[in-house]
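As a plain string of letters, each chain reads:
2 protein chains.
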Amino acid sequence: MKALEEKILAQGKGIYPDIIQVGNFINHQVDPAFMNEIGEDIAKEFAKEAITKVVTIESSGIAPALMCAYKLGVPLIILKKKASRNLSPNVTRTEVTSFTKGDVYDLSIADGLIDENDHVLIVDDFLANGEAGTGAIRLIRKCHATIAGFAALVEKSFQPGRQKITDQGVKVYALARVSEITPDGTIKFL
Amino acid sequence: MKALEEKILAQGKGIYPDIIQVGNFINHQVDPAFMNEIGEDIAKEFAKEAITKVVTIESSGIAPALMCAYKLGVPLIILKKKASRNLSPNVTRTEVTSFTKGDVYDLSIADGLIDENDHVLIVDDFLANGEAGTGAIRLIRKCHATIAGFAALVEKSFQPGRQKITDQGVKVYALARVSEITPDGTIKFL
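Read top to bottom, the protein sequences are chains A and B. For the first sequence, numbering that gives the first Met the number 0 assigns the number 0 to the initial residue and increments by one for each residue that follows. For the second sequence, numbering that gives the first Met the number 0 assigns the number 0 to the initial residue and increments by one for each residue that follows.
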């Protein structure tokens with residue numbers, strides 16, 4: 000998606016060797032109209048897949064995933080990293096290690112939200128090492144649903160995430176594929 | 000908002016004395032079309048306020064806040080509970096105690112996202128004890144912005160949140176005001 004690459008160059012910030020800051024339009028300050036375009040783009044890519052639900056991981060992927068689910072006319076499921084008294088205590092869990100945030104967390108989904116009749120599209124903001132995506136795939140498969148694909152806004156192509164997700168038999172779609180961040184902070188695309 | 004009250008009665012679950020589970024359409028599984036209606040309702044309520052930004056607290060308020068920001072044609076800012084390498088390290092912070100989740104956390108916003116020229120609307124899923132809202136108000140005022148109001152989808156009117164937010168000179172708008180959860184789990188509205 001050309002518009003996303005341009006926005007990353009204009010408003011994002013690269014920090015050598017592996018950081019891409021897009022906090023001013025994707026995951027801290029969010030541009031809703033642009034998220035709508037992104038959601039539309041992803042929905043179009045998977046239009047033939049008869050998707051029943053969009054799934055994202057709390058919390059940076061919620062905005063684009065919501066717009067995508069809205070376009071597809073299906074519910075959005077937010078996989079939770081934390082227990083809450085406001086949510087059902089009956090959940091399926093899996094453990095995820097995050098390199099980006101430097102921690103280990105439980106990813107969970109309330110029982111009954113996804114089942115063997117579902118064909119699911121995963122949407123997240125970043126694809127880097129692929130841990131969050133792999134955790135989501137594991138959790139969705141534990142619920143016996145099938146997976147149409149994994150869509151990320153920004154892929155760090157110099158990290159192994161795409162390979163890891165693809166190896167699990169899941170199609171990867173990335174809107175912007177970063178090949179390199181140079182020592183002076185220049186962001187380059189594939 | 001009548002439609003929200005009806006949906007809470009039909010799909011939500013009350014647990015005596017103070018729990019309202021709406022995880023199957025608001026904060027775990029999200030109904031995007033319904034979120035769109037909710038965003039529209041809130042945007043309409045504050046249409047005359049010349050709002051420059053919508054602010055929410057990570058993560059259950061993101062979906063309705065995004066739809067509201069989209070309707071108002073302004074950016075959404077997600078106040079963060081956790082540091083991340085993908086975000087700017089230069090932030091303003093405040094500490095919040097959450098009764099619902101039973102923890103203490105730092106709420107932060109990257110410097111430069113909100114300033115004295117902003118007139119901000121806060122949107123969140125719940126208004127209960129008002130800690131998250133109070134934290135958001137404190138943080139926004141630290142950034143020297145003004146606040147148009149605090150909008151919540153579900154207010155627990157038997158808890159002190161509304162009073163606390165109002166006492167700080169901020170208008171509260173709640174789409175569904177729950178007066179009581181009876182011992183048999185019936186949810187009653189004001």
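Heads up, a few of these hints could be off.
[As the list claims (entries may be wrong)] List of simulated lysine-lysine pairs, DSSO-like, C-alpha gap at most 27 Å:
1. Lys-70(A) x Lys-1(B)
2. Lys-6(A) x Lys-70(B)
3. Lys-80(B) x Lys-81(A)
4. Lys-80(B) x Lys-80(A)
5. Lys-70(B) x Lys-43(A)
6. Lys-70(A) x Lys-141(B)
7. Lys-6(A) x Lys-81(B)
8. Lys-80(B) x Lys-12(A)
9. Lys-1(B) x Lys-12(B)
Note that these hints are calculated values from the structure, not bench results. It should be emphasised that the depicted structure is a prediction, and the values quoted were computed from it without experimental measurement.
Hint check:
Taking the CA atoms of Lys-70(A) and Lys-1(B), the gap is about 25 Å. The hint holds against a cut of 27 Å. Among the hinted pairs, Lys-6(A) with Lys-70(B) is consistent with the structure: their alpha-carbon atoms are about 22 Å apart, no more than 27 Å. At most 27 Å may separate the alpha-carbon atoms for a hinted pair to count; Lys-80(B) and Lys-81(A) meet this at roughly 12 Å. Note on Lys-80(B) and Lys-80(A): the hinted pairing holds, with a Cα-Cα distance of about 12 Å set against a maximum of 27 Å.
Distance check on the hinted pair: Lys-70(B) and Lys-43(A) sit about 23 Å apart at the alpha-carbon level, within 27 Å; holds. Distance check on the hinted pair: Lys-70(A) and Lys-141(B) sit about 37 Å apart at the alpha-carbon level, beyond 27 Å; violated. Note on Lys-6(A) and Lys-81(B): the hinted pairing holds, with a Cα-Cα distance of about 25 Å set against a maximum of 27 Å. The suggested pairing of Lys-80(B) with Lys-12(A) holds, with an alpha-carbon distance near 22 Å, which does not exceed 27 Å.
Simply put, Lys-1(B) and Lys-12(B) have alpha-carbon atoms about 17 Å apart, close enough for the 27 Å limit, and the pair holds.
Checked against the numbered hints above, the structure violates only hint 6.
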